[in-house]
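Trainee: So you can see what is in the structure, the chains are spelled out below.
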Amino acid sequence: MITSQNITAHEWIGLKVEIAKSTDPTLQGLEGIVRDETMNTFTIEAKGKLRQVQKQKTIFSAKLPAENVEVDGSLLRFRPEDRVKKGTRKW
Amino acid sequence: MNFMGSRSTRRNYGKMRSAVTAVARERIELLLSQAIEILPRDTDLAKRYVGLAQRISTRTKVRIPKDMKHYLCKNCGQPLIPGKNARIRLRSGNSRIIISCLSCGSFRRYPYRKLG
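Those sequence lines, one after another, are chains A and B. Every number in my numbering is 27 more than the matching position in the first sequence, counting from 1. Every number in my numbering is 10 more than the matching position in the second sequence, counting from 1.
Just chain A, same shape as in the assembly (with noise of 0.2 Å):
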């Protein structure tokens, strides 16, 4: 399951996601699912079209089934394969 907790590691492909806060006011509010990941962006599919959108200095507010979650984008900044590590709480 997907939690509040352990959401720096899991899988956002597929993800609903919202565009809390941006340095680029056209991207403000945009909503859409996740299609994509690289290191430093995600591909964002919003009404039909696909936007690559920065993790850096973005807040993305992430629907979950149970909570919305605003992550920083800066939390994710690893290839998405090294995230199931380094995105994981150190004990």
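The reader is advised that the hints may include incorrect statements.
Taking lysine-lysine pairs in the DSBU-like style, the calculated list, with each CA pair at most 35 Å apart, reads [said to hold, decoys possible]: (1) 25/B - 71/B; (2) 79/B - 74/A; (3) 112/A - 84/A; (4) 113/A - 124/B; (5) 48/A - 57/B; (6) 71/B - 43/A; (7) 71/B - 90/A; (8) 90/A - 25/B; (9) 48/A - 84/A; (10) 79/B - 112/A; (11) 94/B - 90/A; (12) 48/A - 90/A; (13) 124/B - 43/A.
Quick list of simulated restraints, FRET-style, between CB atoms [said to hold, decoys possible]: (14) 104/B - 30/A: 16 to 26 Å; (15) 91/A - 25/B: 36 to 46 Å; (16) 90/A - 76/B: 40 to 50 Å; (17) 91/A - 31/B: 28 to 38 Å; (18) 68/B - 51/A: 47 to 57 Å; (19) 86/A - 104/B: 57 to 67 Å; (20) 24/B - 66/A: 22 to 32 Å.
Keep in mind that the hints were calculated from the coordinates and are not lab data. We put the CB at the ideal spot given by N, CA and C, even for glycine.
Using the hints provided, position chain B relative to the given structure of chain A.
Mentor: Same frame as chain A, now just chain B:
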């Protein structure tokens, strides 16, 4: 970082490991189910999802379940859906199941055990 890792990192290895494998298993499952879903719309994206799942598997030493792994094309990386882009035939003589990918033409044989 010293060579052996500090005492606390060694003590917490098991906790880290179980958290990582649990997440990795879920991510692999999510990616493969989405790859199958998106295949008719976007083949390249489906291949990308399969590739990501395989890379997560190698990085975290979590195996892709055998029933899923057999239905991923090892040559072109597509998820194989019987009747859509895969053909399945049984060879009862030598007890082999043959799964062929219809988009690239490669095939793989896996043994099966006869019951009874």
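Trainee: Decide, hint by hint, whether the structure agrees.
Mentor: Right, here's what the structure says about each hint:
no.	hint	verdict
1	25/B - 71/B	16 Å, holds
2	79/B - 74/A	34 Å, holds
3	112/A - 84/A	22 Å, holds
4	113/A - 124/B	45 Å, violated
5	48/A - 57/B	32 Å, holds
6	71/B - 43/A	28 Å, holds
7	71/B - 90/A	29 Å, holds
8	90/A - 25/B	28 Å, holds
9	48/A - 84/A	8 Å, holds
10	79/B - 112/A	23 Å, holds
11	94/B - 90/A	33 Å, holds
12	48/A - 90/A	15 Å, holds
13	124/B - 43/A	45 Å, violated
14	104/B - 30/A: 16 to 26 Å	48 Å, violated
15	91/A - 25/B: 36 to 46 Å	24 Å, violated
16	90/A - 76/B: 40 to 50 Å	34 Å, violated
17	91/A - 31/B: 28 to 38 Å	21 Å, violated
18	68/B - 51/A: 47 to 57 Å	35 Å, violated
19	86/A - 104/B: 57 to 67 Å	59 Å, holds
20	24/B - 66/A: 22 to 32 Å	29 Å, holds
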